[in-house]
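K.L.:
Here the protein sequences line up with chains A and B, keeping their order. Oh and the first sequence: position 46 is 45 in numbering that gives the first Met the number 0, straight run, nothing missing. Oh and the second sequence: position 126 is 125 in numbering that gives the first Met the number 0, straight run, nothing missing.
Don't read these hints as lab results, they were simulated from the structure. Where is the CB? At the ideal position from N, CA and C, for every residue including glycine. Be careful, since some hints might not be right.
[To be verified] In silico DSSO-like cross-links for lysine-lysine, where the CA-CA straight-line distance does not exceed 27 angstroms:
| # | chain 1 | residue 1 | chain 2 | residue 2 |
| --- | --- | --- | --- | --- |
| 1 | B | K106 | A | K49 |
| 2 | A | K42 | B | K56 |
| 3 | B | K100 | A | K107 |
| 4 | A | K42 | A | K107 |
| 5 | B | K56 | A | K219 |
| 6 | A | K131 | A | K111 |
| 7 | B | K87 | A | K121 |
| 8 | B | K100 | B | K88 |
| 9 | B | K87 | A | K49 |
[Said to hold, decoys possible] Here are some chain B residues the structure puts well away from chain A; computed CB gaps all over 12 angstroms:
| # | residue |
| --- | --- |
| 10 | S36 |
| 11 | L50 |
| 12 | L57 |
| 13 | D71 |
| 14 | I78 |
| 15 | P79 |
| 16 | V81 |
| 17 | P82 |
| 18 | E112 |
| 19 | N122 |
| 20 | M156 |
Here is how the chains run, residue by residue.
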Amino acid sequence: MGQVARKKAVSDGGHGGDIDLKPFINFLVVLIPVLMLSAEFAKISIIDMKLPEGRGSTVKKAQTDRPMEEDDKLLLTMIITDSVVTIGAKNGFMPTLFYKEYQKYVSKENRKDEVTVEMDPKNPDKPVMNPKTGKPFSSNERQEIMIYVTDENHNVINCLYTKDRKMLSDAIGNPVQSVKSGDTVYAVSNPRRMIIVNNPADFALSPLSAYDEMKNRLMKIKERYKDASDADDIILVAENQVIYDKIVQLMDIAREADFPKISIAKFRS
Amino acid sequence: MARGRNKFSTAKSTGLIITSLIDFFSVVVIYLMKSYSAEGSILTNADNLVLPNSMSKLKPKDIHVQVAATSDMVLVDNIPIVPTEDIKKIPQEEDDPVVLKLQDKLKACYAQEEEMVRLGALNKVEGNITIQVDKNVPFDVLFKIMNTCGKVGYNNMNFAVMEREE
Numbered sequence: 000m001g002q003v004a005r006k007k008a009v010s011d012g013g014h015g016g017d018i019d020l021k022p023f024i025n026f027l028v029v030l031i032p033v034l035m036l037s038a039e040f041a042k043i044s045i046i047d048m049k050l051p052e053g054r055g056s057t058v059k060k061a062q063t064d065r066p067m068e069e070d071d072k073l074l075l076t077m078i079i080t081d082s083v084v085t086i087g088a089k090n091g092f093m094p095t096l097f098y099k100e101y102q103k104y105v106s107k108e109n110r111k112d113e114v115t116v117e118m119d120p121k122n123p124d125k126p127v128m129n130p131k132t133g134k135p136f137s138s139n140e141r142q143e144i145m146i147y148v149t150d151e152n153h154n155v156i157n158c159l160y161t162k163d164r165k166m167l168s169d170a171i172g173n174p175v176q177s178v179k180s181g182d183t184v185y186a187v188s189n190p191r192r193m194i195i196v197n198n199p200a201d202f203a204l205s206p207l208s209a210y211d212e213m214k215n216r217l218m219k220i221k222e223r224y225k226d227a228s229d230a231d232d233i234i235l236v237a238e239n240q241v242i243y244d245k246i247v248q249l250m251d252i253a254r255e256a257d258f259p260k261i262s263i264a265k266f267r268s
Numbered sequence: 000m001a002r003g004r005n006k007f008s009t010a011k012s013t014g015l016i017i018t019s020l021i022d023f024f025s026v027v028v029i030y031l032m033k034s035y036s037a038e039g040s041i042l043t044n045a046d047n048l049v050l051p052n053s054m055s056k057l058k059p060k061d062i063h064v065q066v067a068a069t070s071d072m073v074l075v076d077n078i079p080i081v082p083t084e085d086i087k088k089i090p091q092e093e094d095d096p097v098v099l100k101l102q103d104k105l106k107a108c109y110a111q112e113e114e115m116v117r118l119g120a121l122n123k124v125e126g127n128i129t130i131q132v133d134k135n136v137p138f139d140v141l142f143k144i145m146n147t148c149g150k151v152g153y154n155n156m157n158f159a160v161m162e163r164e165e
């Protein structure tokens, strides 16, 4: 009789409860709340920064006590103002990058109300209007700040980007505007990734982000001056009205380009 | 007898389909395991404060004094100290800008830590401070806060940022 029952269970597709799933489901029902309690959805991390012991303001120090006689020092400095980013070192400055700033606002009441505006550096506090309600956006509703490289005439420069949003550069590190199949280009990540173009349609032309171009330049500097005694150091100089978000992004690209020791200084006019 | 059997077989075919439920649970369990953290979150986000995104993966380790700068108030350990507008009013040309109210409060915190060292609860005053700054705050305010912290003796600053999803 027992044999018959077993045969039957097998023949109707295992429906006859050969595995009892009830304890497994009980287990999952317990496990899910436990995991949910200890899950971390918004991950907060930190950027570590040290001031020298016993000194409040390091800023003046970095600006005035510049040890000019030490030859192997690079003294790399990244400067950001309201319309320009540039890199300076002991021997001079690299060509200035002009940028145009676009800000994306998303309304808190209705997430669909979003608008991207160009920021006017001469009038940074000009309120941005919500096109639907006609009321100005608060600064809390500013979601994203994008800065794009322009030429001297304030025309945005385009560059090819890969599908995972990496900027393309040529062998000497200039941004690439067009490719043919068979070309060799480099995706700007650390280290640069060589790509041999099979299909030019794999890359899309979009405005060149100033952050990407700065990363590109910093990586070039790192390659060239890796023997300098302060090859890990970079000083980030910002103007008073520069928004904190941009400073964090620049600190990020400095770290990505392998300059982990970042100091912050103030732009003195 | 025949009727009873009939009942049994219909109950069977309309029974709970458990396979898909288990599939769903498995996916949820895997997702939650991915975002699992053993130590929990030490830092909590102050209200009305949007942290900037960053690639930094450094995790906060200990609890320090927390300074939070939102767009309208500066708080120390969640107690409002001084409006951000007042900080903006300090002249920018000043060589050594200090936010007095913040300095007083931080000095009290520092004295507390020194007291702890005297009592033997801490080895030395390490001068660690966690600074949470809203991403829309201008550099000027940040600089004045940093300068004040440095003056009091908090030299080891940790800026809280939101970890970016890859």
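K.L.:
The structure should be examined with respect to each hint, and the outcome stated for every one.
P.N.:
Evaluated hints:
1. B:K106 x A:K49: holds (19 angstroms)
2. A:K42 x B:K56: OK: A:K42 and B:K56 at ~9 angstroms, within 27 angstroms.
3. B:K100 x A:K107: violated (32 angstroms)
4. A:K42 x A:K107: With Cα atoms ~22 angstroms apart, A:K42 and A:K107 stay inside 27 angstroms; holds.
5. B:K56 x A:K219: holds (25 angstroms)
6. A:K131 x A:K111: holds (10 angstroms)
7. B:K87 x A:K121: holds (19 angstroms)
8. B:K100 x B:K88: holds (14 angstroms)
9. B:K87 x A:K49: Status holds; Cα separation ~24 angstroms.
10. S36: violated (4 angstroms)
11. L50: violated (7 angstroms)
12. L57: violated (5 angstroms)
13. D71: violated (10 angstroms)
14. I78: holds (20 angstroms)
15. P79: B:P79 clear of chain A: closest Cβ-Cβ about 17 angstroms, beyond 12 angstroms.
16. V81: The claim holds: B:V81 sits with its nearest Cβ about 18 angstroms from chain A, beyond 12 angstroms.
17. P82: It holds; B:P82 is separated from chain A by about 15 angstroms at its closest Cβ, greater than 12 angstroms.
18. E112: holds (16 angstroms)
19. N122: holds (16 angstroms)
20. M156: violated (5 angstroms)
Hint compliance for this structure: hints 3, 10, 11, 12, 13 and 20 are not met, and every other hint is.
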